[in-house]
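Residues per chain are reported as follows:
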Amino acid sequence: MHTLWKGSISFGLVNIPIKMFTATEEKDIRFKYLHKDCNTPIKYEKVCPTCNKKIGEGDIVRGFEYEPGQFIIVDKSDFDSLKTSVNSKSIEILDFVSLDEIDPIYFEKSYFLTPQDNGGNAYSLLRKVMMDTKKIAIAKVTIRNRQSLAALRIYNNVLLMETIFYPDEIRSVSLVPGIPEESEVNEKELDIATKLVDNLTETFDPAKYTDDYREALRNLINKKIEGKEIQTAPEAPERNVIDLMEALKASVKETKKAPAKKKKKTSERKSAG
Amino acid sequence: MPAVILRYGDKEVKVSHPDKYLWPELEIRKIDYIQHLIKLAPFMLKHISNRPLTVIRYPNGIHEHFFYQKHLPDYSPKWVDHIGEDGEKYIILNTLPVLAWLGNQGALEFHATFNHLSYPDNPESIVFDLDPSEGQHFEDVVHAALLIKDTLSSLQIESFPKTSGASGIQIYIPVGHRYTYEQARKINGFFGSYFTSKYPHFFTIERTVNKRNGKIYFDYLQMWYNKTIISPYSPRAANTAAVSTPVTWKELEKGCRPEDFTLLNIHKRLERKGDLFNSLYLPESYQNLSFVLENISE
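Top to bottom, those sequences are chains A and B. Per the working numbering, residue 1 is the first one in the first sequence, and the count goes up by one each step. Per the working numbering, residue 1 is the first one in the second sequence, and the count goes up by one each step.
Next up, chain A with everything else stripped away, as it sits in the complex (with noise of 0.2 angstroms):
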């Protein structure tokens, strides 16, 4: 496992050195895209459609879509003004609060933390204390100039950190369509349902879920491994499209005879403006 950024967490006066891990991984089988008539791996190039050439990183700027198609730059510096003065290599603990204080919901991502060569102590008293408390940490990160939510608590005796996502973040559940109100419950059924809730309760074991689907793939590509047959769609151009509604205009107009000319009905329309 590589150590993914270090840095410290500060609670209170007390500065504990850390190093961070990536504690997920995603198990998707993954595919490369390649041209279907030779198999080559696809290449991806940057090109401008208007000046119709090559980008290279120099010559990319952001810019951002306030309006489809209607852009306005933000460049470096104006990056560079945003950048916080705070250390840049802390996790600051701000309050500790009960786990189940926090919905699911709120959880993005976790990392493993584990103690840099002098930090052991430091730790192992923060990893004791929140245990004993039972009390998890909220605390502001900020790791390369950018600032996060995080929840920090204890994983198998190792201090875990669950970057969370700011309230703004999560969607409103008044968003979603087709919620029932609460309705009469009929009491039999009621019972019926509680009985089959209860027949059905057990310890919670992960190891017993499996992916069927990537298991079912991994079988399939076994299965093929001799045999080569991979699709890819290719993009579109694209075109202007003020260019090419020009172009159907005239063509429209070049055949005279319209191919959805159609004769005038009762509606009081009269030929083409």
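To be clear, the hints were calculated from the coordinates, so they are not data collected in a lab. Hints are not guaranteed to be accurate.
Ranges between beta-carbon positions, derived for each pair [unchecked claim]:
#: 1; chain 1: A; residue 1: E181; chain 2: B; residue 2: H137; range: 32 to 42 angstroms
#: 2; chain 1: A; residue 1: S251; chain 2: B; residue 2: N94; range: 36 to 46 angstroms
#: 3; chain 1: A; residue 1: K253; chain 2: B; residue 2: K273; range: 28 to 38 angstroms
#: 4; chain 1: B; residue 1: G87; chain 2: A; residue 2: R171; range: 37 to 47 angstroms
#: 5; chain 1: B; residue 1: L147; chain 2: A; residue 2: Q70; range: 11 to 21 angstroms
#: 6; chain 1: B; residue 1: N94; chain 2: A; residue 2: A23; range: 19 to 29 angstroms
#: 7; chain 1: B; residue 1: A166; chain 2: A; residue 2: A250; range: 31 to 41 angstroms
#: 8; chain 1: A; residue 1: G120; chain 2: B; residue 2: V209; range: 22 to 32 angstroms
Here the structure is a predicted model, which is why all the values come from computation and not from measurement. Every residue gets a Cβ at the ideal spot worked out from N, C-alpha and C, and that includes glycine.
Since chain A is already given, all that's left is putting chain B on it; use the hints.
Relative to chain A, chain B alone:
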């Protein structure tokens, strides 16, 4: 006034609280509303029958609470047509008694899918849905609609407008379910991006309302499976009791307004002019957009 019973053969529709005001300012009571619906029925049903339906119900009038309904309620009479099974039964509005029954339930707006039940993948018309942003007026929507009509005309494509009854205009291009929803979206998206590129300060395809910056919203995404649009001649739950009304391009040019066509006066117009949207279903009005489609999906 006690409840009124309407009889259609062996079907009975009980109008409860016939005196209740649904549009209080215009003093349209429930019983009046149902009478208007009965007169409108031949026109409404033509456009809504055999299309999955969503109604908006205002049981206590336009100023009180409302809710959307597309499922068949448990208490519906047996003769209310529906599709689907068990928990997924949807009302189908094919007959006058069902219309009157929905009227009694305070269904004031009738929204239908873009496709007929027989063609689940194919909208009957390509529909451009135009809405003003805050600060814009109906005149702006008319201006937008006429720009679109001119472009369509120069492509020799005939189109038919209707007021939404609220603040917008919808432009229908009859195609006789020859294109799939996917193809229709390509066509619609092409026109949407054409108008926003050609008139970037006047049209937008931005979905987020407060990012529309006072421009006309060209909604090319609404036309899709299971989505609905206000059906022709459906009333709207607005103070004016406006009705979503097919109009001629000339009427729009002359400055007609959505509130010119209401539950109270629509009948006279229909007697005089008939249904301007009749042609949507006539094979000779079907427009061929394949040449557009071919050029945009190369």
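Okay, the hints, checked on the actual structure:
1. E181(A) - H137(B): 32 to 42 angstroms: For E181(A) and H137(B) the Cβ distance comes to about 38 angstroms; the hint holds.
2. S251(A) - N94(B): 36 to 46 angstroms: holds (43 angstroms)
3. K253(A) - K273(B): 28 to 38 angstroms: For K253(A) and K273(B) the Cβ distance comes to about 32 angstroms; the hint holds.
4. G87(B) - R171(A): 37 to 47 angstroms: This hint is violated: roughly 26 angstroms between Cβ atoms.
5. L147(B) - Q70(A): 11 to 21 angstroms: Holds: the Cβ-Cβ distance is about 19 angstroms, inside 11 to 21 angstroms.
6. N94(B) - A23(A): 19 to 29 angstroms: violated (59 angstroms)
7. A166(B) - A250(A): 31 to 41 angstroms: holds (37 angstroms)
8. G120(A) - V209(B): 22 to 32 angstroms: violated (55 angstroms)
Comparing the model with each numbered hint stated earlier shows that hints 4, 6 and 8 do not hold.
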